[in-house]
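Chains A and B supply the protein sequences, listed in that same order. Start counting the first sequence at 2; every next residue gets the next number (our numbering). Start counting the second sequence at 19; every next residue gets the next number (our numbering).
Be aware that one or more of the hints could be misleading.
Calculated lysine to any residue pairs in the SDA-like style (CA-CA distance at most 20 Å, straight line) [what the hints assert, rightly or not]:
#, chain 1, residue 1, chain 2, residue 2
1, A, K89, B, D271
2, A, K157, A, I146
3, B, K268, B, L198
4, B, K268, A, L77
5, B, K268, A, R87
6, A, K89, A, I146
7, B, K268, A, F80
8, B, K268, A, K157
9, B, K268, A, L83
10, B, K268, A, I146
11, A, K89, B, A273
12, A, K89, B, W269
13, A, K89, A, L16
14, B, K268, A, D85
15, A, K89, B, A272
16, B, K268, A, S84
17, B, K139, B, L155
18, A, K89, A, G25
19, A, K89, B, K268
20, A, K89, B, L155
21, A, K89, B, Y270
The hints are simulated quantities; they were obtained by calculation from the structure and are not laboratory data.
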Amino acid sequence: MDDNQSKRNRSDGHLPAYRSRSIGSGALFGLGFVAFIDETVFHQLLHWHHFYDKSTTGVGLVSDGLFHAFSWFATLAAFFMLSDLRRKNGLNVMAWWGGMLSGGGAFQLYDGIIQHKFMEIHQIRYNVDPLPYDVVWNVIAAAMIVAGLLLIRNNKRSGAARNGRLRS
Amino acid sequence: MTPENHPWNHAAANVWAAVFLAAGVLFLVFIYVFAFIRSSRKGRAWPLHRLCLWVFGASTAIFGILASSPAKIQSDFVAHMTSHLLFGMLASILMALATPVTLILRALDVKRARKLASFLKSPPLRVVTHPAAAAVLNVGGLWLLYATGLFGAMHEDPYWYFVVHAHIFIAGYVFSSAILGNEPNPHQSSYVFRAIILILALAGHSMLSKYIYAHPPASVPVLQAQEGAMLMYYGGDAVEAILIWAFCRKWYDAARPRANRAQVKG
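Chain A on its own, in the form it takes in the complex (with noise of 0.2 Å):
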């Protein structure tokens, strides 16, 4: 009886493969929520963005439906692949939140310099000089990007070090 409770409160999560998959989770769910606020800040809310300009190219319109469609799909299959690993015991929080940023964060850079810049899809504010706005977009982006990339790396390191542990 001890024994089966001690096997169900380990966690799981510094397996290889659930480290993974906790990582990809995490990455598929920022992906989602920085497509979410961005929709729901800039586009709606702030009405910054616009749902069309005319100097959108065909690629960027192409990029903006996948990536659109994408993230949407990512969202809801993020939380379905949590799931999952929660009743799998399989969860690793700090690589799920690794994850989390450097897909967002991926998203932001992608959105802020490709869709933005080369691909013109809308710019992020109109009538003002939208330099400022582009730094300060794409620094958060890579900043998200090392935060995410730092916290899955400790995180590797540190269950290397507990299953070191447990082998000797």
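Please build the complex by placing chain B on the supplied structure of chain A, with the hints as guidance.
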């Protein structure tokens, strides 16, 4: 502009096409209820919630095609798009969730069920019910409708009106069913493959919304086209969330861990 020389003055003929379509959907309800009763009589009770999904889905389709009447749809692109969301998307997803093929296979006697099963396995049906082909037929059909002259032709000719709407409805259903993969299928594609197809189809739908925003179909006023396009984009997201949710839910159930050893021992 008087109604007589309005560009879409073919409402009366199209009303009949719409009534015909609604009658067809109603017929599908009768078939399902009949199969439901037969299956129960054979001692194989069919879940009631699936019957509800089918009836609710069919009602949505009938409401979508009749409530915003064809006369109105032809002068109002937003009403047309509302009808499209209900008739072409919501109804087809709800009806696919009701797994009608499984029910009919159960209700039929063995000999006829085998015939139906082998018909469903025949090459042409296997092709069109493949998720990728179903997605192309579904979203590709919409691109044809809005990005070519078909939209105008549909409003001038009740025959085209009928064909286009029947196609949207059937292609929507086959697509939802293929993505969900909830009917017997020996050649089921993997969850990852179906997820990719689903995302590509959703992307095609979003892109088409923005395309309509920028390039209104012939004879649709610009403001109406923009409002309709945004309804298609955001309304589409809301309806598609049901399909994504149901798809993920199926994966979640399939990935359920087997009873763990400790519990079995205990």
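*Any of the earlier hints contradicted here, and which numbers?*
Numbers 6, 8, 10 and 20 - these are the hints that the structure violates, sorted from lowest upward.
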